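When you get a sec, could you build the whole thing from the sequences and use the hints?
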Amino acid sequence: MSLAMKPRIKTTVLRLISIILSAVFVTADSAQLLDWTVSFSQRAPLGIPKQVIVINDQFPGPLLNATTNEVVNVNVHNNLTEPFLITWNGVQMRKNSWQDGVQGTNCPILPGQNWTYTFQLKDQIGSFFYFPSLLLQNAAGGYGPVRVNNREVIAVPFPQPRAEFDVLIGDWYNADYQDMRARLDGGSLLHLPDGILINGLGPSQATFDFEPGATYRLRISNVGLKTTLNFRIQGHQMQLVETEGSYTAKKYYDNLDVHVGQSYSVLVTAHNDESSGNTSYYMVASARFVPVKMLGIGIIRYSGYQGVPLAPLPMGPMLYDYIYSAEQAYSIRWDLAVGAARPNPQGSYRYGNIPINRTLVLSNGVGLINDTLRFTVNQISFSYPDTPLKLADYFQLSDVFMPGLIPNTPDYRRPELGVSVIDAVHREYVQVVFQNNMRFIQTWHADGYNFFVVGMGFGMWDESKMATYNMVDAISRSTVQVYPLSWTAILIMLDNQGMWNLRSQNAESRYLGQELYIRVKRVGQNDPSTISPWVESPIPKNVIKCGRAI
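By this note's numbering, the letter at position 25 of the sequence shown is numbered 25, and the numbering carries on one by one without gaps.
Hints listed in this document are in silico derivations from the structure and should not be mistaken for laboratory results.
Derived EDC-like pairs: lysine to aspartate or glutamate, alpha-carbon spacing no greater than 20 angstroms straight-line:
| id | residue 1 | residue 2 |
| --- | --- | --- |
| 1 | 251 | 327 |
| 2 | 521 | 495 |
| 3 | 465 | 327 |
Distance ranges between label pairs, derived from CB positions:
| id | residue 1 | residue 2 | range |
| --- | --- | --- | --- |
| 4 | 468 | 41 | 47 to 55 angstroms |
| 5 | 307 | 214 | 16 to 24 angstroms |
| 6 | 304 | 468 | 47 to 55 angstroms |
These numbers come from a predicted model, not from an experiment. Here a beta-carbon is modelled for each residue, glycine too, at the ideal position from N, C-alpha and C.
In structure tokens, the structure reads:
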């Protein structure tokens with residue numbers, strides 16, 4: 001066989017595989033097959049060389065650009081020296097937590113091996129990202145943007161922009177992630193970040209080309225480890241239109257707080273005057289709620305103009321102004337009049353009229369367990385067993401985890417290690433209250449779901465606070481902030497079966513135990529491998545086995 005023939009044959013084989021895989025998901029509109037190689041590359045975003053995790057030699061990694069209901073197949077080759085997994089932050093998989101890419105659901109892809117994620121997107125649109133979920137590897141990169149586009153039959157509720165830009169902002173450490181991990185294992189917390197990156201680049205290196213008078217969509221995600229960032233553009237207002245799968249009531253902002261793990265879409269219109277073709281403007285992502293000034297800087301260039309902006313950097317809010325941030329959060333509302341993944345308006349789902357079946361109060365904490373610093377949820381610090389919980393559940397392995405170890409509300413027991421799994425019934429409507437007892441901000445993320453952020457407040461939560469909830473147009477999203485010494489309440493319909501990760505998005509808190517899993521099962525579900533509208537997808541044929549499941 002000639003070398004010239006091999007690329008054609010490979011292309012043909014990939015197309016055939018894509019067709020076969022799409023046939024498995026009978027309701028899918030289309031399917032795509034991606035091939036990603038994960039490796040190390042020596043890079044110096046802030047001038048200090050370090051090992052960076054790249055995908056197809058890209059940092060950030062390649063865009064995953066998909067459409068509602070599409071089947072996505074991502075073949076991941078692990079060329080690192082450690083096990084590896086990717087998780088899809090905010091991307092909802094239809095009844096398929098087998099593909100979630102976290103340690104509780106998947107065995108890792110070992111060095112030198114590959115594995116193909118295969119999942120169908122839920123009824124969903126929006127802006128998201130992916131990142132490595134193991135071993136603090138996200139401190140070295142390995143992240144990239146995700147777009148889930150509307151189907152052609154569903155109108156986008158704003159005029160088509162000239163172009164779209166993915167803007168990945170995040171804190172960055174010059175230390176190697178292995179050294180950072182050793183620091184946490186040794187009982188010390190991480191120091192302050194060394195800087196802020198925009199699309200993997202240091203100050204003034206990331207550029208975005210605008211044409212005068214044109215409107216652009218910026219999909220902004222905070223992919224960092226633990227720092228809230230305030231995003232703004234010199235001389236331009238931003239019209240917020242979407243966050244994590246929900247269209248928002250259109251509102252203009254001069255700046256926007258983007259907490260760790262959160263994603264937003266904004267529309268920005270370039271100025272249109274005689275001088276606008278020869279100018280540029282600063283884009284700024286500045287650290288919030290930290291004791292030092294830290295800036296990530298990009299440049300918007302009109303008509304390819306190569307000069308630097310003339311005016312000073314745009315000012316943001318005061319570093320520790322939590323009230324300003326909370327008021328901004330309250331102002332972000334669901335647009336009830338428009339459709340998203342479906343033709344019916346978002347407001348046709350009247351979440352405020354659904355009876356609450358159950359309340360969980362999850363209180364964070366920190367303490368010494370076996371003389372080691374650990375973070376906790378309701379006094380339990382999550383410790384992974386040798387077998388993923390999903391596999392243990394499927395093969396009915398005893399003694400891997402025991403649901404009910406973590407209480408539904410804080411009981412102020414002594415801190416202890418444990419495998420925290422909460423059992424829940426399919427289609428239960430659950431209130432979850434995140435109680436932050438720490439003096440730093442937290443964010444929480446639910447894999448597999450969006451939820452309604454109905455309430456926030458300073459101090460301790462109690463049932464009387466429910467009278468203050470927004471039960472009409474609260475935003476629906478998958479990642480929410482909890483301010484220091486405060487609470488945040490969400491309502492979530494558990495309509496996606498599986499074993500789903502609920503975690504702190506603060507990387508050091510999660511690494512040291514601040515996460516849990518929710519096992520969502522149908523009442524009377526006896527055969528989890530049966531395919532029906534109400535039962536989760538069967539175990540993948542290519543499943544990786546490890547631990548006691550080998």
